[in-house]
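Residue numbers (the numbering used here), protein chains in the order written: chain A, 29 to 436; chain B, 29 to 436.
If you're looking for bench data, these hints aren't it; they were derived computationally from the structure. It is possible that some hints are incorrect.
Simulated crosslink set (SDA-like; lysine to any residue; CA at most 25 Å straight-line) [said to hold, decoys possible]:
hint, chain 1, residue 1, chain 2, residue 2
1, B, Lys-61, B, Gln-81
2, A, Lys-124, B, Glu-388
3, B, Lys-395, A, Thr-43
4, A, Lys-429, B, Pro-162
5, A, Lys-396, B, Gly-432
6, A, Lys-55, B, Lys-55
7, A, Lys-55, B, Ala-344
8, A, Lys-93, B, Lys-366
9, B, Lys-294, B, Ala-130
10, B, Lys-93, A, Thr-183
11, A, Lys-55, B, Ile-387
12, A, Lys-321, B, Lys-199
13, B, Lys-429, B, Gln-150
14, B, Lys-366, A, Glu-379
15, B, Lys-429, A, Thr-183
16, B, Lys-199, B, Lys-159
17, B, Lys-61, B, Asp-138
18, A, Lys-94, B, Glu-417
19, B, Lys-94, A, Asp-363
20, A, Lys-321, B, Gln-81
21, A, Lys-395, B, Glu-402
22, B, Lys-395, A, Thr-286
23, B, Lys-294, B, Thr-183
24, A, Lys-298, B, Gly-432
25, A, Lys-429, B, Ile-430
26, A, Lys-366, B, Glu-123
27, B, Lys-366, A, Gln-81
28, A, Lys-429, B, Thr-404
29, A, Lys-401, B, Ile-430
30, B, Lys-429, A, Lys-366
31, A, Lys-187, A, Lys-321
32, B, Lys-55, A, Ser-174
33, B, Lys-429, A, Ser-373
34, A, Lys-319, A, Glu-379
35, B, Lys-94, A, Asn-58
36, A, Lys-321, A, Asp-368
37, A, Lys-429, B, Thr-185
According to the in silico footprint, chain B covers these stretches of chain A (three or more CB under 8 Å from chain B) [what the hints assert, rightly or not]:
hint, stretch
38, 123-134
39, 137-151
40, 181-192
Yeah, the Cβ is synthetic: ideal placement off N, Cα and C, and Gly gets one too.
2 protein chains.
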Amino acid sequence: MSYKFIPNGTVTTPTGFKAAGAVGGVKPSNTTKRDIMMIASDTPCTAAGVFTQNLVKSSAVLLTKKHLENGTAQAVIANSGNANTCNADGMEKAEKMATLAATNLDIDPDDVIVASTGVIGQVLPIEPFEKAVPEIASAMSENGGSDAAEAIMTTDTVKKEAAVSVELSNKVITIGAIAKGSGMIHINMGTMLSFAATDAAISAEMLKSALEEAVDVSYNMVSVDGDTSTNDTLTIMANGAAGNEIITTRNADYAAFTEGLTALFKKMAKMLAADGEGATKLIVCRVNGAKTKSDAKGAAKAVICSSLVKAMIFGADANFGRVLCALGYSGCDIDISKVDVAFSSVSGRVEVCSNGAGIEFSEELAKKVLLEKEITIEVELNDGDGAAEGYGCDLTYDYVKINGDYRT
Amino acid sequence: MSYKFIPNGTVTTPTGFKAAGAVGGVKPSNTTKRDIMMIASDTPCTAAGVFTQNLVKSSAVLLTKKHLENGTAQAVIANSGNANTCNADGMEKAEKMATLAATNLDIDPDDVIVASTGVIGQVLPIEPFEKAVPEIASAMSENGGSDAAEAIMTTDTVKKEAAVSVELSNKVITIGAIAKGSGMIHINMGTMLSFAATDAAISAEMLKSALEEAVDVSYNMVSVDGDTSTNDTLTIMANGAAGNEIITTRNADYAAFTEGLTALFKKMAKMLAADGEGATKLIVCRVNGAKTKSDAKGAAKAVICSSLVKAMIFGADANFGRVLCALGYSGCDIDISKVDVAFSSVSGRVEVCSNGAGIEFSEELAKKVLLEKEITIEVELNDGDGAAEGYGCDLTYDYVKINGDYRT
């Protein structure tokens, strides 16, 4: 393991990145929370991104994809409070965001990553940006990562930010990231907004490859509610300020970089799941012994996506039949008669199912295990060596409350 | 239209069917609600069934599939309170249920349809059946359909039963059905327990064909929570007591029979959705103008399955972006820029989206429309003539409450 987490790390922890956020009032009712932010590198970066697979895409997503085609970027501008999706003038507004950022940061508009999150189908007002962007540009700071993390929060209750340092062959490099959840989150896409930055020197091609490897086992294994957002955007910029020998092939440095990036994204993914809308618990489903890696991933996803499993964890009820039920409809190649299931947490571990049939267990211990904040559902398929982890959260009254009247 | 609904119709409305239910105490805590029932025909029937596609299957499902291989059956025995799934001795218990029914009804055990619903992974006690089945056999009555409907209820709050009469070329025949919901219900299978009976004369092959046609647009278009049950069973028995000319080809009588069966199942499907766990509202998503019928079905399913759409309907909030979002991830071939969306109910109709973009609408009217008990989400894709309807329900605090501690 060649990486370690940096205490209080964020997206501006890597050398040469600055950020700031401001209260723009994108949603007129918001007059106190930061809702527009920028992140910028002192110098041009190689860059890569992954985006929603929803056919409905925010204009911000369409523009950013275009801007990243050449593998370079230098700044991010993002807002919460309005998704800039399903609007007649969305592309015009996204381009205006890029131009405002570029003008105030004195960079090329094509090097600006644009992202929006919030209500779908309402016209994005541009006045808040005209007012806030100059203010943000002059406040850009190496300590601004947290303010940027705040500015992209919607129903999130905590800021999501972290950073790792990674020892490459000749240098230590740093990767930082911020992200926002916390509803309309589902597997199989860049899930949510997240912006990462690194001072490593790495070619655009290798950066894209490392990003995709890391996403596959982290953000793409999170589900809050099974709804694929229209605005999912995850980008990374690498400015090379660490002075390492530039990574241009899949060498040992590439492997170390990707390992660190994966660890960072897994941590962020767990933060997203744990702060899912209304969530009180993080659910990790660890699947081992699958015929293939793909079967393991499918099985883990089915379990963490099941409304019945999620409600059962909320109620701390060891109703393991629901786990088997989800495995059974996962579409994966599973021999149910070989399946073992256990629940574990910091309070212990309880085996509840062996060879596909229920076994006697202590309800008292099960209750104790399931009352903790982070629950692992261990699924052993005893049928190969495919393994995977999925990240989800419980389904609670508050999820319903938050989403029953989201627009006001 | 050659069918009409019969007031207070149930599974014993067709000539020659009897039923009864009793309090068996399958779940020891139950001492008041009927939980074991039988339905029987005076004479042997042609029969057909569709079953869960979950890899995890109740022993009752496995046994019933075997019993229906020859296309004949004469009785149903079913219980609530225990799913007889994921138990070491499940098949033995299912066979014992069939034998008890057959002995007491004086029929062939191979002609018994067996079904169970309730908690997964707990051993099924056979004593309640030994006690209740003789009692039920002696109580069998032509008015017993409603008691049978009660006996299969779990978290259902209302009994689901209905019947239609259908004019064939030379006779009027009757089809009746009962069903239970109301959680772990999802598209793409026989969804839930439902037992239908008809006095029509129809070959086993044509009965199976009519059943599959009807299921495809009714029960298979219902979702409560996205979880595919392990016990889904839908069967139909036809005893020919109406004296019609037996249906052995896809003639006009077959078409009329299938039309009536489809109407019956659509009505039952809506009853299931409206009484989904915790539900306060029925959501119908009607999709028109799809490129293909399959795209229309996929689009309707995505909308009624979306947790965010479900929560929005609970909150009577016209956040139509969530409908577009669900269409976008449905996997169907949709040109989002052509999509129109409207909400309607007995209180009116409000158009909220045109050509894939939000339009101005009266929030007051939208609120009025969405506060009703049955909401239709109208989706016009303007891209062909594929049409479909999906049936779902809102997501509420009570769904979470019911499923947070289901076993007690």
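Structure-based check of each hint:
Distance restraint check for Lys-61/B and Gln-81/B: the Cα-Cα separation of roughly 30 Å exceeds the 25 Å cut-off, and the hinted pair is therefore not satisfied. Proximity of Lys-124/A to Glu-388/B is assessed by CA-CA distance (about 24 Å); at most 25 Å being required, the pair is judged to hold. Taken as a hint, the Lys-395/B and Thr-43/A pair is broken in the structure, with Cα atoms around 52 Å apart against an allowance of 25 Å. Restraint check: the Cα-Cα separation between Lys-429/A and Pro-162/B comes to about 49 Å, which exceeds 25 Å; the hinted pair is violated.
Taken as a hint, the Lys-396/A and Gly-432/B pair is honoured in the structure, with Cα atoms around 15 Å apart against an allowance of 25 Å. A threshold of 25 Å between alpha carbons decides the hint, and for Lys-55/A with Lys-55/B the separation of about 52 Å lies outside it, so the pair is violated. Taking the CA atoms of Lys-55/A and Ala-344/B, the gap is near 21 Å; set against the 25 Å cutoff, the hint holds. For the hint linking Lys-93/A to Lys-366/B, the alpha-carbon distance of about 23 Å falls within 25 Å, and the restraint holds.
Taken as a hint, the Lys-294/B and Ala-130/B pair is broken in the structure, with Cα atoms around 32 Å apart against an allowance of 25 Å. About 48 Å separates the Cα atoms of Lys-93/B and Thr-183/A, which puts this hinted pair outside 25 Å; it is violated. For the given pair, Lys-55/A sits about 18 Å from Ile-387/B by alpha-carbon distance, which is consistent with the 25 Å threshold. Annotation: proposed proximity of Lys-321/A to Lys-199/B is violated, straight-line Cα distance about 59 Å (limit 25 Å).
A hinted pair counts as satisfied when its Cα atoms are at most 25 Å apart, and Lys-429/B with Gln-150/B qualifies at roughly 22 Å. Straight-line distance between C-alpha atoms of Lys-366/B and Glu-379/A comes to about 52 Å, which puts the hinted pair past the 25 Å bound. Restraint check for Lys-429/B and Thr-183/A: satisfied, since their Cα atoms lie roughly 22 Å apart, inside the 25 Å limit. For the hint linking Lys-199/B to Lys-159/B, the alpha-carbon distance of about 41 Å lies beyond 25 Å, and the restraint is violated.
Restraint check for Lys-61/B and Asp-138/B: the C-alpha separation of about 29 Å exceeds 25 Å, so the hint is violated. Under the criterion of a C-alpha separation no larger than 25 Å, the hint pairing Lys-94/A with Glu-417/B is inconsistent with the structure, at around 37 Å. Among the hinted pairs, Lys-94/B with Asp-363/A is consistent with the structure: their alpha-carbon atoms are about 21 Å apart, no more than 25 Å. Taking the CA atoms of Lys-321/A and Gln-81/B, the gap is near 23 Å; set against the 25 Å cutoff, the hint holds.
Between Lys-395/A and Glu-402/B the CA atoms are separated by roughly 39 Å; this puts the pair beyond 25 Å, and the hint is violated. Using a Cα cut-off of 25 Å, the hinted pair Lys-395/B and Thr-286/A is violated, with the two alpha carbons roughly 50 Å apart. With a C-alpha separation of about 21 Å, the suggested pairing of Lys-294/B with Thr-183/B holds against the 25 Å cut-off. Pair hint Lys-298/A plus Gly-432/B holds up; C-alpha atoms about 22 Å apart against a cutoff of 25 Å.
Proposed proximity of Lys-429/A and Ile-430/B is supported: the alpha carbons are some 16 Å apart, at most 25 Å. Restraint check for Lys-366/A and Glu-123/B: satisfied, since their Cα atoms lie roughly 23 Å apart, inside the 25 Å limit. With a C-alpha separation of about 19 Å, the suggested pair Lys-366/B and Gln-81/A falls inside the 25 Å cut-off, and the hint holds. Of the pairs offered as hints, the one joining Lys-429/A and Thr-404/B holds, with about 22 Å between alpha carbons and a cut-off of 25 Å not exceeded.
Only pairs whose Cα atoms come within 25 Å are accepted, and Lys-401/A paired with Ile-430/B is accepted, the gap being roughly 21 Å. At roughly 32 Å between alpha-carbon atoms, Lys-429/B and Lys-366/A are farther apart than 25 Å, so this suggested pair is violated. About 32 Å separates the Cα atoms of Lys-187/A and Lys-321/A, which puts this hinted pair outside 25 Å; it is violated. For the hint pairing Lys-55/B with Ser-174/A, the CA-to-CA distance comes to about 54 Å; that exceeds 25 Å, so the pair is violated.
For the proposed pair Lys-429/B and Ser-373/A, the alpha carbon gap of about 23 Å is at most 25 Å, so the pair holds. Between Lys-319/A and Glu-379/A the alpha-carbon distance is near 22 Å, which keeps this suggested pair within the 25 Å criterion. For a cut-off of 25 Å, the pair hint linking Lys-94/B to Asn-58/A is broken: about 63 Å separates their Cα positions. For the proposed pair Lys-321/A and Asp-368/A, the alpha carbon gap of about 18 Å is at most 25 Å, so the pair holds.
A hinted pair counts as satisfied when its Cα atoms are at most 25 Å apart, and Lys-429/A with Thr-185/B qualifies at roughly 23 Å. With 0 residues bearing a CB less than 8 Å from a CB of chain B, the stretch 123-134 of chain A misses the requirement of three and the coverage assertion fails. Counting residues of the stretch 137-151 of chain A whose CB lies closer than 8 Å to any CB of chain B gives 5, which reaches the minimum of 3, so the coverage claim holds. Only residues whose beta carbon comes within less than 8 Å of a beta carbon in chain B count, and the stretch 181-192 of chain A has 0; fewer than three means the coverage is violated.
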